[in-house]
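Q: Sequence:
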Amino acid sequence: MLFSYLIQGIGFGLAAAAQPGPFQTYLVSQTLLKGWQRTLPAAFGPLISDGPIILLCLFVLSQVPVWMQRFLYLAGGLFILYLAFGAYKAWRDFSPSVPEPDSGTPQSVLKSALMNVLNPNPYIYWTLVTGPILLRGWRETPFNGIGFLAGFYIVLVLSFMAIILAFGTAQRFGPRVNRMLLGVSTVALFCFGVYQLWLGAVG
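The numbering of the sequence shown is my numbering, which starts it at 3 and goes up by one.
Hint data in this document are derived by calculation from the structure and do not stem from the laboratory. Hints are supplied without guarantee of correctness; some may be wrong.
Under the rule of at most 30 angstroms between Cα atoms (straight-line distance), these lysine-lysine pairs were calculated in the DSSO-like manner [stated by the list, open to error]: (1) 113 x 91; (2) 36 x 91; (3) 36 x 113.
Every value quoted in this text rests on a predicted model; they were computed, and no experiment measured them.
Could you put together the complete structure from these sequences and hints?
A: Right, dumping it as structure tokens:
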């Protein structure tokens with residue numbers, strides 16, 4: 003039974019990481035801007051942010067309230083637009099030189115965690131998809147719930163790291179390609195931000 007929940011966690015973790023969204027786009031833009039070494043810790047952001055999200059969604063479980071979903075879309079949209087503006091400035095003032103070392107690792111983890119908190123997708127995902135499975139497994143035995151969470155987050159984090167490493171290799175093709183990809187991720191972040199604001203406005 004534990005193996006069954008572990009397999010389910012692995013499958014859902016892979017599906018969550020493979021779905022294009024603002025968090026994945028944020029990882030790509032940061033990789034192109036700062037390099038894969040300094041962006042890699044951001045893959046652990048969900049481990050910080052998802053605890054309260056899971057607890058909240060297990061209480062709600064059936065449906066995210068309309069007012070909360072609208073608030074999350076609006077707040078998330080504004081934050082994504084803020085990230086898009088930062089990516090745009092980096093594209094505008096792009097320099098092919100290697101970024102200077104700084105203490106950005108803790109900051110990248112915290113920023114990615116904040117990005118995840120303001121993203122409505124984890125709330126909806128944990129309420130409508132994975133929450134019921136986790137709750138059922140935990141009621142059977144806590145080991146089933148722990149196995150589900152372990153499979154989910156191990157695969158999720160490894161998949162995010164693979165995304166970062168994959169786009170990090172783009173830097174070897176030269177500054178022109180790097181700047182072009184950074185511009186594409188800027189546009190994508192802007193579109194995600196506007197789209198989430200629209201979802202929050204129309205309710």
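Q: Hints broken by the structure, by number, lowest first?
A: none
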